[in-house]
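What follows is each chain in one-letter form.
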Amino acid sequence: MTLGLINANPVVHAKKERVARTEDPHGDDAVDPLEIYDFVRDIRDPEHPYSLEQLSVLSEESITVDEKLGRILITFTPTIQHCSMATVIGLCLRVKLKECFPPHFKVDIKVAPGSHADEKSVNKQLNDKERVAAALENPNLRQLVDECLYSNEL
Amino acid sequence: MELLDGNLELKEIQNLQGHTDRVWSIAWNPATAAADVPAVFASCSGDKTVRIWEASPSTRSWDCKAVLEETHTRTVRSCAWSPSGKLLATASFDATTAIWENVGGDFECVSTLEGHENEVKSVSWNASGSLLATCGRDRTVWIWEVMPGNEFECIEVLQGHTQDVKMVQWHPTMDILFSCSYDNTVKVWWSEDAEGDWSCVQTLGESSKNHLCTLSGYHDRTIFSVHWSREGIIASGAADDAIRLFVESKDGLMNGPSYQLLLKKEKAHDMDVNSVQWFPGEKRLLASGSDDGAIKIWELETLPG
Chain A
1 MTLGLINANP VVHAKKERVA RTEDPHGDDA VDPLEIYDFV RDIRDPEHPY
51 SLEQLSVLSE ESITVDEKLG RILITFTPTI QHCSMATVIG LCLRVKLKEC
101 FPPHFKVDIK VAPGSHADEK SVNKQLNDKE RVAAALENPN LRQLVDECLY
151 SNEL
Chain B
1 MELLDGNLEL KEIQNLQGHT DRVWSIAWNP ATAAADVPAV FASCSGDKTV
51 RIWEASPSTR SWDCKAVLEE THTRTVRSCA WSPSGKLLAT ASFDATTAIW
101 ENVGGDFECV STLEGHENEV KSVSWNASGS LLATCGRDRT VWIWEVMPGN
151 EFECIEVLQG HTQDVKMVQW HPTMDILFSC SYDNTVKVWW SEDAEGDWSC
201 VQTLGESSKN HLCTLSGYHD RTIFSVHWSR EGIIASGAAD DAIRLFVESK
251 DGLMNGPSYQ LLLKKEKAHD MDVNSVQWFP GEKRLLASGS DDGAIKIWEL
301 ETLPG
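As given, the protein sequences belong to chains A and B, one line each in that order. Residue numbering for the first sequence follows the numbering used here, starting at 1 and increasing by one per position. Residue numbering for the second sequence follows the numbering used here, starting at 1 and increasing by one per position.
Chain B extracted, bound-state conformation:
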């Protein structure tokens, strides 16, 4: 892979201000990955709002196109676009998940999912966009089915974690759901068929046999976000204000992959980096959000010579 041979740099392209409190999460709209479409991403914040940012074709820089406010009454912790890019789900400490639709340039809240007893911390769409998962401090994971007319029906409330569930993520192609919790485990949830009950088919902990590799000794404080790019570059953002990039080592051991540091960007932000997200299109762009309220767009470039 030429990544390991080249001299690479993470160049700061833009510093976006706007949020008045920490930025918790960033999500690129998957429908805007094509080369001829202006790239769009959403950011959510402790200021209770969600901002939509769009790249201007003329200036090739991002502007804030919309501020989704007066809906959530507390921190918005997580946001996720549906695979079609038509809907945006936002999860909030106010115990609700809002669904937004872009109606002629304006974002409207078309549905509010209630049920969690307290803070909702993460939201994720499955690959086909037919299901939505949410999780929160009430220790549960909820699965919602997307019905016609932007209706959402809860089809399952998954119990199992013994503490706060901090994140949910669907498998990229199969309807398998992963959740990770304050109880130090990752649970794998699955349903036999469309009508079947969902259940936890596996619990991954510190000494699970599927464990392949741990990268440690790089960040010296909490790592808040990791994201894999199309080319297999892992980006991490942490409370040490740094962003690090890792790639698979060429000379990995026979019994599993190993990874090496590709580059580090110390002082990427003035405060904790809470979210790093690779642009889903061809360009090697990375968006990062921080406790300092800023969002930065970076480009991974090869240095000349």
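Just chain A, with the same shape it has in the complex:
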């Protein structure tokens, strides 16, 4: 782990006002981007005490879902081009979505085009199932992910 923050001065945005959602007449079956966004917007950044939404790492527009096929695509924007936490953010997103959605949903995670110096390499790692599985068995990484997901509840 590197000492000192990678990005010591991130730009922090105010949280978007949450729109109260009316009851969906189709019941709980419908999955739309906002529903997914609600699950992930408050995930804490691994390095800073702010949410991914506050740091503009995620927005509602970063999510697309094909409910029929059961596929979710999330695109996120790391705060800086050489962000070494990109893979950790990816892991956090995966763990969270796995908790919230039925197991048959397939999730693809990418960095926004042009937002990272090693875009291709990072995208490959983010979506390599074997690498993700091994990473989540690493107790240190798992602890970091848990802190990002659950720190609000502590």
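Honestly, the hints are just simulated from the structure, not real lab data. Treat the hints loosely; a few may be bogus.
Claimed, not checked - Label-pair distances were calculated between CB atoms; the ranges are: (1) 258(B) - 13(A): 53 to 63 Å; (2) 120(A) - 256(B): 48 to 58 Å; (3) 190(B) - 34(A): 55 to 65 Å; (4) 127(B) - 38(A): 52 to 62 Å.
Just so it is clear, CB atoms sit at the ideal spot from N, CA and C, and this is done for glycine as well.
With chain A fixed as given, assemble chain B onto it according to the hints.
Okay, now just chain B, sitting in the frame of chain A:
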């Protein structure tokens, strides 16, 4: 080949539950391919265990005969039987490879191979069973010699791949080793003689001249497993939850073979298919393992009419 003429179906024979996490790999015991011997296969899982399944002669269905647990401390990623069927090697994310022997119905861990710096991802025996190969995220391929008394000695640590090595496989008859890596290459390893050093004699990449054919446009997500049957049917299992079967086309071009889709089984499992393995005997059976924790046994049947 009559396969192309017939109306074929991949019929689900059995759905085996037991593993409590995803099934990564399946391996049929080669010694159980004969018609009068109950067919046996091993499966390994993210639940850190290996299960041994045996066909019951009376019910003609598979039961779990043994659970190999409390040895690996992390995901078991790959398993392989020795050619004699007497030993089972299991490769794990815990950086070790365990060797198991069937001692009167109970499987005992008779040896643990250590050395890899991190996750071991694949293990393969050579044709004679005298050598074992392992590979992993530490970018190396290890060759182990099988010594008397279930001792294993590392005779070579092969460097060359620049990233994670995901799979190793020996040539079916010659002592030539293939490895494939996250660095997008396949390397061919060879030693001049028994005492000689092993070295990489060829690196296959996207534009290598030995490349014969690419089958694309069938699966729309990662293909995790491919296996060739005795009759030349290629089975593939992928993250689109499907299994596809391919055979060589009759009217291939003069300058190389071409393949066509024989049949597809969509929604073969509820989640990604990680492993497909043909039964090594005469019956056209296929085993598949999935992220959904299930193992399915399929039979390739000709439909009547």
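Going through the hints against the structure:
For residue 258(B) and residue 13(A), the hinted distance range of 53 to 63 Å is satisfied, since their beta carbons lie about 55 Å from each other. Between residue 120(A) and residue 256(B), the C-beta spacing of about 31 Å breaks the proposed range 48 to 58 Å. Roughly 57 Å separates the CB atoms of residue 190(B) and residue 34(A), a value that falls within the hinted 55 to 65 Å. The given range of 52 to 62 Å is respected by residue 127(B) and residue 38(A), whose C-beta atoms sit roughly 56 Å from each other.
When each numbered hint is compared with the structure, a violation occurs for hint 2 only.
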